[in-house]
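> Given the structure of chain S, go ahead and fit chain W onto it with the hints provided.
Here is how the chains run, residue by residue.
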Amino acid sequence: MSVTAEAGTFLERAPLVLRDAVVQWFPAPLQWLAHHLITIVAILAVFGVFFAFTTVAERKLLGRLQNRLGPNRAGLPWIKGSKLFGLTQPFADAVKALTKEDIVPAAADKLLHFLAPVLVVAFSLMTFAVLPFGRNLIPVELDAALLYFFAAGSATELAIFMAGWASRNKYSLLAAMRALAQVISYELPLMLSVVPVVLVVGSLSTSEIALAQGGWTFGFLPHWHVFTPWGFFGFLLFLVAALAESNRAPFDLPEAESELIAGHLTEYSGFKYALFFMAEYFGLTALSGLGVTLFLGGWQAPFAFLEFIPSYAWFMLKLIGMIGFFIWARGTLLRLRIDQLTRLAWQFMVPLALINLGNAAFWALTSGWSGPLQFVRWGVSIALVVGPFILLGRGLNGGRGPRTYRYATS
Amino acid sequence: MNLALILISVLILGSAAVALALRNLIHSALLFVGCWAGIAAFYLWAGAEFVAFAQVLIYVGAVSMVVLFAVLLTRQSDAAEPMNPDSFSRFMRALVAGGGVAGILVGAILGTPMDVSTAGPAPTLTVKEIGGQLMGPHAAALLIVGLLLTVALLGAVVIAAVDRPEKSEDAS
Numbered sequence: 001m002s003v004t005a006e007a008g009t010f011l012e013r014a015p016l017v018l019r020d021a022v023v024q025w026f027p028a029p030l031q032w033l034a035h036h037l038i039t040i041v042a043i044l045a046v047f048g049v050f051f052a053f054t055t056v057a058e059r060k061l062l063g064r065l066q067n068r069l070g071p072n073r074a075g076l077p078w079i080k081g082s083k084l085f086g087l088t089q090p091f092a093d094a095v096k097a098l099t100k101e102d103i104v105p106a107a108a109d110k111l112l113h114f115l116a117p118v119l120v121v122a123f124s125l126m127t128f129a130v131l132p133f134g135r136n137l138i139p140v141e142l143d144a145a146l147l148y149f150f151a152a153g154s155a156t157e158l159a160i161f162m163a164g165w166a167s168r169n170k171y172s173l174l175a176a177m178r179a180l181a182q183v184i185s186y187e188l189p190l191m192l193s194v195v196p197v198v199l200v201v202g203s204l205s206t207s208e209i210a211l212a213q214g215g216w217t218f219g220f221l222p223h224w225h226v227f228t229p230w231g232f233f234g235f236l237l238f239l240v241a242a243l244a245e246s247n248r249a250p251f252d253l254p255e256a257e258s259e260l261i262a263g264h265l266t267e268y269s270g271f272k273y274a275l276f277f278m279a280e281y282f283g284l285t286a287l288s289g290l291g292v293t294l295f296l297g298g299w300q301a302p303f304a305f306l307e308f309i310p311s312y313a314w315f316m317l318k319l320i321g322m323i324g325f326f327i328w329a330r331g332t333l334l335r336l337r338i339d340q341l342t343r344l345a346w347q348f349m350v351p352l353a354l355i356n357l358g359n360a361a362f363w364a365l366t367s368g369w370s371g372p373l374q375f376v377r378w379g380v381s382i383a384l385v386v387g388p389f390i391l392l393g394r395g396l397n398g399g400r401g402p403r404t405y406r407y408a409t410s
Numbered sequence: 001m002n003l004a005l006i007l008i009s010v011l012i013l014g015s016a017a018v019a020l021a022l023r024n025l026i027h028s029a030l031l032f033v034g035c036w037a038g039i040a041a042f043y044l045w046a047g048a049e050f051v052a053f054a055q056v057l058i059y060v061g062a063v064s065m066v067v068l069f070a071v072l073l074t075r076q077s078d079a080a081e082p083m084n085p086d087s088f089s090r091f092m093r094a095l096v097a098g099g100g101v102a103g104i105l106v107g108a109i110l111g112t113p114m115d116v117s118t119a120g121p122a123p124t125l126t127v128k129e130i131g132g133q134l135m136g137p138h139a140a141a142l143l144i145v146g147l148l149l150t151v152a153l154l155g156a157v158v159i160a161a162v163d164r165p166e167k168s169e170d171a172s
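Residue numbers (my numbering), protein chains in the order written: chain S, 1 to 410; chain W, 1 to 172.
Only true hints are included.
With a straight-line cut-off of 16 Å between C-alpha atoms, the simulated EDC-like cross-links for lysine to aspartate or glutamate are: (1) Lys128(W) <-> Asp143(S); (2) Lys128(W) <-> Glu208(S); (3) Lys60(S) <-> Asp93(S); (4) Lys170(S) <-> Glu255(S); (5) Lys128(W) <-> Glu49(W).
Just a few of them, taken from the derived set where beta-carbon distance is under 10 Å, the chain S residues facing chain W: (6) Asp143; (7) Tyr148; (8) Ala152; (9) Ala155; (10) Thr156; (11) Glu157; (12) Ser203; (13) Leu204.
Hints were generated in silico from the structure; no laboratory data involved.
Glycine residues also receive a C-beta, built at the ideal position from the N, C-alpha and C atoms.
With the rest of the complex left out, here is chain S (with noise of 0.2 Å):
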C-alpha cells in the first residue's frame, strides 16, 4: 500500500519535476522564458493530440450511433495491410486540409477574411490558460480566472462577424448574423448557471474552486457542485448553453450544411476551414473543462481510496466523459429552428438561471444549518429547481402543442 501511495506521489509531482528539471538547463535569465514555453508547448501537444483523436472518436461513436462503421481503413501508410481501426485518421485528414487549394474570393476583404480563422483559433486556445489540470498544475494561476475565461471567449463573435462580413457573400454575412444572434443570446445563460458557483466557493479563481469540492460526506459522497440541488441544475443549464455556444447539434444551426450551404463558412476552403474547426473543438473542450472544474470537482477524485491515481488523470477523464456526452447529444437529438432557440434561451433558460441564482444564495445562506434543519435546506432547495422548472415548462408550451401535418391527399 504504501508502494503505490510513494508512486502516486511522484505521478502526482511528474509533470512540475519534468518541467522544472528541463527549465535547469536554461541559463537564469531566460529561464522564466523557458517555463511559460513548456507551459504553452504542452497545452499545444496535449490539446492538439486530444482534438486530433476527438475527430476520430466523434466520427466512430457517431457512425455506431447510425448504424454503420466510421472510419476504420487509414492505418500505417509505410505497412501494407495495416489498419489500426482508423486511428490514424485525422492525421490523413490534417494532411488532406494542409494541401487542399485555399481559394480567396476575388471580392473579399483580403486581409479581414485570413485574419477570423487565426483569430478565432488564438482566442479558443488562450482559455486552457486558467483551467486547473491537476492538483498545483494549471498554466496560469489568476484571481479573476472566470472573468478571463469568458472574456477570452468572447472574441469569438468578432471573428465570426469578419468572417461572414469580409467574405463579400450574401449567404456568408446573413448566416454570420444568425450566429452571432445564437452565441449572443446563449451566451447570458452560460454566464448565468456559471455565477451561483461563484457565489456558493466566493472566488473567482478557478483552483479555488476545484479545491472548495474536495472532501467526502460520510467517506463516499464527494462535495462536488454537481450533487447539489442549484449545483445539477446549473449543471444542465451549463451543458445546454455550452453546447449552444460551441455550436454543436442541436444548436449547429450556424452551419446547418443542409438549410444554409456552410453558414459564414461559405467562401473557405482548406486549412482555413480546418482552423474553424479546429477552434470549435477547442473552444467545447475548453467549455468541458470549465464544467469539470465548476461542477464535477475538477481534478478530486469521486472516492478517497481512488486518490492514488493521479489528479491530472481524473481531470481528462471526466473531460472525456464530457466530450462524450455531447457527441451523444449531436448522435441523438434533431436540430432547432432558429426561433425555437432563440425563445429557449429568452424565456426558459435565463429565468431558470436567474431562480437558480436565488437557489444558490438560499444555500450559501443556510450553510450552517444541520440537523433535522438539513432536511429543510434540500427541501427548499430542490422544490425551487422542479418547481419554476415545471410552471415555466408547462406555461410556455401553452398553445404550442404537438404539431399537426397535413399531407397531400388527391
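Coordinates of chain W only, in the frame set by chain S:
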C-alpha cells in the same frame, strides 16, 4: 518609460488614428476594437487585472457587436462602400458633437483631484475587495449605470422592432 508601455500606447493611438482616417466604416469599427483591446492591455500593464478582463469582455465582446450591428443595420444598401465626406454643415455638426464630448471628458478629468505625489505603494486589490467596494460604497453608481443600460437596451428594442402580426401557420 519602458518598452511595453510605448508599444501599448502606439497600439492604442495608432489604431484610433487610422480608424479616424479610414473611410470604410466596418474597418474603422474593427480598428476601434483593436484600440479597446490596447486599453485593456494598458490596464494589465498597470496591474488592474480585473478591470482589464472586464474591458475585454464588455468592449471587445459586447460593445463591438453593438457598433457593428448598428453600422450594418443603418446602412443597408452599401455597407461595404467607402463613405465620403458629405457637406460642410455635416462636418460642423460632427465637430460640435465630438468637441462637446471631449469637453465634458476633459472637464471631468481636470475636476478630479489626482494627488499622485502622496500615493503610497500600489495597493494589491483582490477581486473580492473590488466586489465589496462595488456593493457597498459605490452601490448607487452601479445601480444607476445598470438602469441606464437597461433603458438604452429597451429603447433600442423599441426602435428596432417592427410590429408584424404573426402568421397563423407558425402559431399552430
